[in-house]
Amino acid sequence: MTSSTLTGPVEMDAIKEIVLEQIGRTIDRDSLQEQSDLYSLGLTSLATVGLMLAIEERFDIEFPESMLGRATFRSISSIAECIGKLSN
Amino acid sequence: MSCIATETLTDAYRECRRQLLDAGVLISMKVDGLYAFSGPFEEVIERFEQLVTRRARRHRAEVMRFPSIMCRDDYLRMTHIENFPDLLGSVHSFTGKERDHARLLGARSRGEDWTQELCPTQVMMTPAACYPLYPTATGTLEEEGRLVDLRSFVFRHEPSIDPARMMIFRQREFVRLGTAEQALEHRAFWLDEGEEVLNLVGLPVERVVANDPFFGRGGRLMADAQRDQVLKYELTIAVASGDKPTAIASCNYHQDHFGHTFDILTHDGRFAHSACIGYGLERIALALFMTHGFDTDHWPTSVKNALDL
Chain A
1 MTSSTLTGPV
11 EMDAIKEIVL
21 EQIGRTIDRD
31 SLQEQSDLYS
41 LGLTSLATVG
51 LMLAIEERFD
61 IEFPESMLGR
71 ATFRSISSIA
81 ECIGKLSN
Chain B
1 MSCIATETLT
11 DAYRECRRQL
21 LDAGVLISMK
31 VDGLYAFSGP
41 FEEVIERFEQ
51 LVTRRARRHR
61 AEVMRFPSIM
71 CRDDYLRMTH
81 IENFPDLLGS
91 VHSFTGKERD
101 HARLLGARSR
111 GEDWTQELCP
121 TQVMMTPAAC
131 YPLYPTATGT
141 LEEEGRLVDL
151 RSFVFRHEPS
161 IDPARMMIFR
171 QREFVRLGTA
181 EQALEHRAFW
191 LDEGEEVLNL
201 VGLPVERVVA
211 NDPFFGRGGR
221 LMADAQRDQV
231 LKYELTIAVA
241 SGDKPTAIAS
251 CNYHQDHFGH
261 TFDILTHDGR
271 FAHSACIGYG
281 LERIALALFM
291 THGFDTDHWP
301 TSVKNALDL
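Protein chains in written order, with the numbering used here: chain A, 1 to 88; chain B, 1 to 309.
For reference, chain B alone in the conformation it holds in the complex (with noise of 0.2 Å):
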């Protein structure tokens, strides 16, 4: 990208999140990336949810809340730290005694590095709201697999002008577990389902195949065999701007990358295959407001009935 390009997408952004904080839809919380949410937003997200749960239930997923912080040790299974060893979160605490407690104190008043004295935990930032499913799957799933609800919060530390790059975010996830050809099935009918409800709300989003940000040259091997094999798939659509559209949903398909690493297998004993798709809450309702307006009772007709706003 040249440079007068990357300086007009940094002017759209800034531009975009000027709109958003005058609006009041978003508060801000100093940090980039960091937000506060006005009560208009979370209904927004509210309804959205409420949506695709009362479309979704014929399908009988099970329900299953996990918080925004995940266990150390089977993040560490995962190859997440090899492969976004930057957009990791690592909860630390201080662990001491009063001889180290004074230390940090002092380190702190004297404007110098207090996080010295700190510990790792035993836990994680989540950085998917699948990732906590896996190690509480292990064993042998019935012939028709499990199909699992999940929502939470999740941690990715990439701080960034652009409003829709939030470091903290709402994932609402559908994930298939069973066999390849269970998880190629939920893939695509949840690729159709997404494009649709988000077409409902006035959303016309665009499927792409894509890859993840994976860290380093390396990265680039791992983006290329991603986009070979067609693992990820996101629906996006212009929210700061149009030159460089935004992911609000993706649907991937990990093979058996999780059925190994954590022993789930299939009910003829192969390790089980898994898919999912992941809605981007926040970059939903963001998405909703930059296209309809900040004032939801001006939202068109068709797009407060399907919200039920």
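Here chain A stands alone, though its shape is the one from the complex (with noise of 0.2 Å):
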């Protein structure tokens, strides 16, 4: 199963947007893919707690310990998989 079938477009955006929010520096936004290394387009660690409490508040979740890792956050799939895992 991919991340999309588990958020569909919508969600996809809304990540995205959060993400770009977080990154805090401009780039372009066709270039963010949904497999594109946030940490190598610049999400400090920082950024990822800020990360992590945008994507609970605008998805009604709460990441669980076990999520709370850089892998998590890595990318706007790897955000999505997640979303999916506590949405079911």
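Treat the hints as calculated values from the structure; they're not laboratory data. The C-beta atom is built at its ideal place from N, Cα and C for all residues, glycine as well. Among the clues, some could well be false.
[What the hints assert, rightly or not] Label-pair ranges, simulated between beta-carbon atoms:
no., chain 1, residue 1, chain 2, residue 2, range
1, B, 5, A, 57, 21 to 27 Å
2, B, 243, A, 29, 38 to 44 Å
3, B, 139, A, 57, 39 to 45 Å
4, A, 42, B, 181, 18 to 24 Å
5, A, 29, B, 267, 47 to 53 Å
6, B, 53, A, 58, 53 to 59 Å
7, A, 60, B, 22, 27 to 33 Å
Two chains, each in its own frame: build the complex with the hints.
This is the structure:
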């Protein structure tokens, strides 16, 4: 199952918006793909915390401790996959 | 950790603290994490520092000594308040007039919260010995970078029954500012040097990858990132408990975090990287007393010789 089947296009757009906000520097919106490595695009550790909180608020979820690692927030698709798991 | 393990650890901390207080090594100041120190304890710290200084002499580090309070504005440019809000110490004082003073005294006499009358001062408690260095280092470094020898009391609000977790304690640090390669070389050298000097005084430490105690659930992400990038090592040994060894020194690589924040540049115009070793002096003294006994006269000859006791 791919992340896109877990989370629809609207949700992917919402995640993308939040990611762009949290990265906090200008990056080409179109170059931000679902699989792009967010850390290599400049997502800092501290910004990851902001990203986590913003995602939780937007999707009304709470990431469990087991998901609080760098792997969860590495890409839009990895975030979507976790949201999918928590929403099921 | 299970409840039983937590209770066992709590018992170990209480027992260790009792032994140190009974022996007069530590003197209670009524608050968890706050102690006065005996003459022998201070002598051990002094001698250990002299050993560190002797061995470091050939590196010709610049000596700088900062007080335990630092400029609030500089503090706020760092990310300490984001990462460790529960550990910070903000210095407040009274700046009002007579009527405000009367209100303060009235509240105090009624057992109410008199601190509402206080205002933040221009200073914060220093959370790490190297923090006040970076704001003074703005500018361009020479090609060889800088090596700075620091020492100060630092404050962390984490009251604990663990006698090794003090709220105010001394850190002796050697900090390197320079290129990424210079910073990493510094950390590698001082990890070995730290291990060697601690072994020399009879403390067989273990080198472990570690993380700082970042605040909250988000802190788990920070800790995971710190470990993932192997930014922090600790040298640990049993002080109160063999199950949970205590870090008595740490070696950290900050990447270009401080260089970026305070515009510290390498000779070729890049943001400077930094790394440090920090010896936790009280913890080292406690490890020595718990390992070798409370009477320094009876410590192993090799340890006494190394410390010139």
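Do the hints match the structure? See the list:
1. 5(B) to 57(A): 21 to 27 Å: 35 Å, violated
2. 243(B) to 29(A): 38 to 44 Å: 51 Å, violated
3. 139(B) to 57(A): 39 to 45 Å: 41 Å, holds
4. 42(A) to 181(B): 18 to 24 Å: Holds, since residue 42(A) and residue 181(B) (Cβ atoms, about 23 Å apart) stay within the stated range.
5. 29(A) to 267(B): 47 to 53 Å: 37 Å, violated
6. 53(B) to 58(A): 53 to 59 Å: Once the Cβ atoms are compared, 55 Å apart, the range 53 to 59 Å for residue 58(A) and residue 53(B) holds.
7. 60(A) to 22(B): 27 to 33 Å: Given range 27 to 33 Å: violated, Cβ gap about 55 Å.
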